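Visitor: Chain by chain, the residues:
Number of protein chains: 4
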Amino acid sequence: MEKENLAKQIVEWRRGFHQYPEQGFLEMRTASIVASILDELGFDLQLGKDVMSAEDCMGKPDKQVTEEHYEWALQHGAEKKYIDHFSEGYTGIVATLDTNRKGPTIAYRFDMDALPINESDAADHFPNQEGFKSSNPYNMHACGHDAHMSIGLGLATLIAKNKDSLFGKIKLIFQPAEEGTRGAKSMVGADVVNDVDYFIASHIGTGVPHNHFVAANNGFLATSKLDISFSGIASHAGGNPEKGRNALLAAASATLNMHAIARHSDGTTRINVGELHAGTGRNIIADQAKLKIETRGETSSINAYVKEQVESIVEGAAKMYQIDYDLEVVGEGISCHCSEDLASVLHECAQGSPTIEKSYLEQNSTAGSEDATYFMEAVQNSGGLATYCIFGTDLAAGHHNERFDINEETLLPAVEILYHSIVKLCGKN
Amino acid sequence: MEKENLAKQIVEWRRGFHQYPEQGFLEMRTASIVASILDELGFDLQLGKDVMSAEDCMGKPDKQVTEEHYEWALQHGAEKKYIDHFSEGYTGIVATLDTNRKGPTIAYRFDMDALPINESDAADHFPNQEGFKSSNPYNMHACGHDAHMSIGLGLATLIAKNKDSLFGKIKLIFQPAEEGTRGAKSMVGADVVNDVDYFIASHIGTGVPHNHFVAANNGFLATSKLDISFSGIASHAGGNPEKGRNALLAAASATLNMHAIARHSDGTTRINVGELHAGTGRNIIADQAKLKIETRGETSSINAYVKEQVESIVEGAAKMYQIDYDLEVVGEGISCHCSEDLASVLHECAQGSPTIEKSYLEQNSTAGSEDATYFMEAVQNSGGLATYCIFGTDLAAGHHNERFDINEETLLPAVEILYHSIVKLCGKN
Amino acid sequence: MEKENLAKQIVEWRRGFHQYPEQGFLEMRTASIVASILDELGFDLQLGKDVMSAEDCMGKPDKQVTEEHYEWALQHGAEKKYIDHFSEGYTGIVATLDTNRKGPTIAYRFDMDALPINESDAADHFPNQEGFKSSNPYNMHACGHDAHMSIGLGLATLIAKNKDSLFGKIKLIFQPAEEGTRGAKSMVGADVVNDVDYFIASHIGTGVPHNHFVAANNGFLATSKLDISFSGIASHAGGNPEKGRNALLAAASATLNMHAIARHSDGTTRINVGELHAGTGRNIIADQAKLKIETRGETSSINAYVKEQVESIVEGAAKMYQIDYDLEVVGEGISCHCSEDLASVLHECAQGSPTIEKSYLEQNSTAGSEDATYFMEAVQNSGGLATYCIFGTDLAAGHHNERFDINEETLLPAVEILYHSIVKLCGKN
Amino acid sequence: MEKENLAKQIVEWRRGFHQYPEQGFLEMRTASIVASILDELGFDLQLGKDVMSAEDCMGKPDKQVTEEHYEWALQHGAEKKYIDHFSEGYTGIVATLDTNRKGPTIAYRFDMDALPINESDAADHFPNQEGFKSSNPYNMHACGHDAHMSIGLGLATLIAKNKDSLFGKIKLIFQPAEEGTRGAKSMVGADVVNDVDYFIASHIGTGVPHNHFVAANNGFLATSKLDISFSGIASHAGGNPEKGRNALLAAASATLNMHAIARHSDGTTRINVGELHAGTGRNIIADQAKLKIETRGETSSINAYVKEQVESIVEGAAKMYQIDYDLEVVGEGISCHCSEDLASVLHECAQGSPTIEKSYLEQNSTAGSEDATYFMEAVQNSGGLATYCIFGTDLAAGHHNERFDINEETLLPAVEILYHSIVKLCGKN
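Chains A, B, C and D, in that order, are what the protein sequence lines are.
Counting from 1 along the first sequence, just add 35 to a position and that's the residue number in my numbering.
Counting from 1 along the second sequence, just add 35 to a position and that's the residue number in my numbering.
Counting from 1 along the third sequence, just add 35 to a position and that's the residue number in my numbering.
Counting from 1 along the fourth sequence, just add 35 to a position and that's the residue number in my numbering.
I should point out that these hints are in silico values taken from the structure, not numbers from a laboratory.
As the structure is a prediction and not an experimental result, all values here were calculated from the model.
Note that beta-carbon positions come from the ideal geometry of N, C-alpha and C, so glycine has one too.
Be aware that one or more of the hints could be misleading.
One-sided excerpt, in silico: chain A residues whose CB lies under 8 angstroms from chain C [stated by the list, open to error]:
1. Leu-291
2. Ala-295
3. Arg-298
4. Gln-323
5. Lys-325
6. His-372
7. Ser-374
Some chain C residues judged to face chain B by a derived CB distance under 7 angstroms, without partners named [to be verified]:
8. Asn-275
9. Pro-276
10. Ser-288
11. Ile-348
12. Lys-354
Here are the simulated lysine-lysine pairs, DSS-like style, with alpha carbons at most 25 angstroms apart [as the list claims (entries may be wrong)]:
13. C:Lys-278 <-> B:Lys-325
14. D:Lys-115 <-> A:Lys-354
15. D:Lys-354 <-> D:Lys-325
16. C:Lys-84 <-> B:Lys-354
17. B:Lys-325 <-> B:Lys-354
18. A:Lys-325 <-> A:Lys-278
19. B:Lys-43 <-> B:Lys-198
20. B:Lys-98 <-> B:Lys-459
21. D:Lys-98 <-> D:Lys-115
22. C:Lys-325 <-> B:Lys-278
23. A:Lys-196 <-> A:Lys-38
24. A:Lys-325 <-> D:Lys-354
25. D:Lys-115 <-> A:Lys-278
26. A:Lys-354 <-> D:Lys-98
27. D:Lys-43 <-> C:Lys-325
28. A:Lys-354 <-> D:Lys-354
29. B:Lys-354 <-> B:Lys-137
30. C:Lys-116 <-> B:Lys-354
31. B:Lys-325 <-> A:Lys-325
32. B:Lys-354 <-> C:Lys-354
Chain A extracted, bound-state conformation (with noise of 0.2 angstroms):
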């Protein structure tokens, strides 16, 4: 009965998140919710600044975009009591609960922002006919940052009724912008892993069949998220095109010498320039040019030195035409591996699972990157262990598509299998 309320609320917990979805460093109308929750649940609450790196902080948003949205956080249904911790785009929240019984430390990340993708509104799509689609256009939980939240508060409210059986000290940290690979780095920045033993991120779906689990998931691509700008002098095309200096064709020569940076011997790498907006008008020579790339590689030095190629022809195109250049880092994730006997740790608790049909103790897909591997990073670095595990689902459509959906049958056995971590980790010293 406990348990079927407990399934309840977490798909209600969900689907509420799904409604009011909000992209990274923007996540007040949400933090505010979870803080409230973990607060009844008689967590110690560390919020905002207080857990976040200002100055790791990338790609957040300007203050003006980052004003407008507190005003609609607080129009839309924000925690009043939490709220203004969050107000200025420092959305991180640290919940600890010390049985102050001896034994690990041992930490639970779960993401929060939602992408900048308009939700379907097919009839059939089923957030339609559950009626929690997203209320705000142009935004939506497209990858199930929804359903994490709703895990970790489920695990929460499992921690808070068992404390008296735990030792050790458990934290859950709900991170800000995941998407872009932007906000981790902030709360590592922010030593809230420092004294963690033990640390576990998850995700859900990724391909991974409903019911089945993997405890490692290796081979996350390193990654580097670049804004850059060229900035040269417009001049009329007809009339006097020597005085321009052409950030357009900056760019373009950029794009292309990007493109053919050299691959790597000891592994995979990937440059995309996914954006290039340039000039604004056809009889003017464009004096600005601004282009979104990204650069990724099989291990941090290898995406480092696609970075430095990047820099270098950067710097080249803009000294090739006598203009300016602005790189910004807007995101960047780590390369990293698993904690083999963390990961076993989970593989058994999967394996005990009564609805997790096959556990898989790793996998190693190279695609995807993920800032969670700066916490596993920083974990493993000060002797600890770290695991980064997925929660199997059936997907509606692929992540980051505007009818994306998950199985909400996923997310107790995810809240039991997790719970059941802290148990075999700390339920005994």
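We have chain A already, so just place chains B, C and D on it with the hints.
Guide: Frame of chain A; chains B, C and D shown alone:
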């Protein structure tokens, strides 16, 4: 006294047009008012599709934009009696006064369209001081076509008044979409100057000082305005780069190679990719890229050479990346040389004007382009004479600037010079 | 004693071949000597065009080069009885010993060609010390094919001696033009391995230490070697730039875009424009450009993907500049995976060798390419087994270096391991 | 009779020079013979380094080439008495006849170098018919400098003969390395025209018909000849692509961007990458790339604009690929405008010639370049007059063609016109 009234009327017309600027092929309100005045003055009117060849229109807005603007025009003072002739965006007017006395046919061209510029709200901007600033945001008569139309209507007034002393036939051509060199060709295509012996186009300003006059402005560069789009296949840049067909790279490569088109030994060439917009996300291989470009040449055949290279390069770039492309001509102007005999007539008229301080028979500037050249070529090809004259004026700021303004005292002398040319050419037979 | 004689003989052969290096499709002297020895040992010989498909030869020298080299071979010790089989540059040999006893057919591949490298004249270079340095300037056995042939002839000696105790049929394949992956395909095209049950190719060195052995070398990258030429129209760059059709610009553009070919998510790719030569004078628009390029892929299909992009890009670049192009495949290799069952046999033979210190069942290196893969694929496709093994040796300098040299003590054990594989595979039926 | 002898002599000289063509800064045999003749005629000689500034020589062959050519010259009829003045490749001559009578100083420039062209061996090629074809393979007087020198020596003959009737001072300047616009600047740098009042350069042919004459050829384009090399790091393209630093890609990128240099509104520009040679092997990332380029501009300042863009682009391309570069100016010419007063004198002389059918005061062609412009500018800057005249002739084929040839009947009238200009300018004081 009468002259004072005319002067006042001209200024009033000009300010009225200035306040309701409409862009090319959307001059519905404007044309309806022009038609109404000409009708009242006793001219025979041919309107809309009767004087425009649909297939020769270039860069015409799509149906939705046209329909929406029609609603706007209706709500902003369009003359209901005439507007339906223009509702589909064919906004040309030919007003004819046939004296029914043997004599030559003489035509004058006036252009009507405004620019996509947001007029300055500076307190010292004259239209603000006098309260006739554009009421249509991001639309502005910043090139002087409002003045051109008022000169045309002033000329019509004098013609009507003096029609009994004139010979031959007089045609006043009000052309849409001169900006981007888009509209003239369609009127030539509708044969409106087939019967014309003398053709005179005019422009205000262009750097010529107030009370100076140029009877023959040679040296317009032939030009083509081209919109190019590349259409590829999107793909996740990390997950499946090989499945994409990269429109952004095709556009970048086309851009570089177009700027590298070889110079021509017969004369000046120009090429500019003024805008490039491609891609929808950093981590997506771009499936769409759009370029706005223009070519120019000292002669039509030199411009044709540049345009041909562009066509080959665009086709080649699409082939390189296995993608589709579309190349649309959205504007075109040719080169032309004024007929000296006709220019001499205007030169004499100007020299006879009490306000003109200096008249030049000819001037050869080479950077600009004009599609009145289509009329000129057509008239010259059928044995007539054609010229393009300039009425100098004080400019508050350059053409196409948000603070552009003219000296309204230029208007009446312009009307008088043009009227005297009629007297010289058709006053007696 | 007999073994000592064989060891001495092998070294003598190796030095003889080393002294008269001949490049691919020109191994006339070499092949004539190989044929002579095999004939004397009692093998049935198929020579030249009988074992090579003319249309499958890639990158074959032209007629004049071939004829001139024929004269050179005649003057430098070629065996007159055999050389005319090779005079047109079809220099392959298949030597068969049929025991006429029921049993499998087993084939061994040895390659014969040298490299366009000028051998070092350093005093401490072993071939100089021993007086067998290349006597053919700018030609050198710098990859070890001289050793391969001597191993092949040593193997032939043991086979001939022990033929009465063997079963089945043994084929020794001496292949031309392995460098540039040009010759194997033509022998496969002549069906020389159609009846083969077991196929074994081998190489010396490649970084494997002396007295180490690798039974299965997987991971050859599939590759294509392409010669591209662009053919435009020359013109004086000052006087008539517009009359040129610029092959140099087409080549530069193709080069950049080829290097920008998108990575493949299924595995490693490579692309290199290694040489670009264009133009005949500073003031002439270049009408000729030649590129030497290679593509590679972790599998044949990945390499095919890269090659297809190259083809599109080259065609597109030619289209851009309105010029002609030619794309010639001058070498090609595929990927392959060794048959583990056959590799196990060799692994056992090596483990049984008194000189081999360490044997590896398999190794996966990914940078190199080989055209023995064509034989392997053909044998495997018809149900046979194939492997590619490596005999480690000390290298004085890396492969393709002017000071390359091997440890000749590697040779006899190599012969013995291969011979033992025959005993294992054909020794009893 | 005497005139016939002179005509015969001039032709003999021309054919002699034609048979032994020498390229720029290597005209050792040629200069030694010119010096010998002028010495005999009584001129004062200044030779080699005395009339050339070493640091102003551009594109001079290296020491080895120079020394080897010295040997060639010695063996092919050089005048031993003079050749050592020229042995280091400083091959200029200034021959002065000072009448010691008060009067102006007048200078004539003749160029001496040949081209790297292999003269035609067609039977109907006149030099073959008459047996004076180039005996120096891949060297040819295909621009008419052989004729220029014979005209200069003919003029010297007349001056010497008539010296008692002349006033002032006459300087005959024999310049090396006009091809590639490399030699004149060094003679100007040695102050050889500092004292000159009238300077006359001349050329034969250039499209002007036989027996036509142009007194002032304006419109030479200013030009820069640049050799660019990029120096990167080689690496195996399959094994370690990331370790290379690709000079070929830098060169390709620089090439495209140089051709895309914006046109100049003040006048004609030209840019050409005429040669690009890069790389040493298909499977090696190219560490070397060499480009031969030229820029031109209607004026020296327009050419300077183009050259500056080239410099930025080359620096930027090197930066892009993290490699080194070198940019060497190997030739340079400036624009110039002939002094009309001096041209008028020549125009009159030509009009007085019995053979000249048509004389033009001036002609403005714009494609070619000349470094006589350096002399002209220097003379004009110090208050003198300068012009560049053309003697029309029949051409068997265009300049720089392997079948180039002139009509030798052009030579004597050319001598006479130039001599008459002396008479006009220095005949009386």
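Visitor: For which of the previously enumerated hints does the structure constitute a violation, in increasing order of number?
Guide: 4, 5, 6, 7, 13, 14, 16, 20, 22, 25, 26, 27, 29, 30
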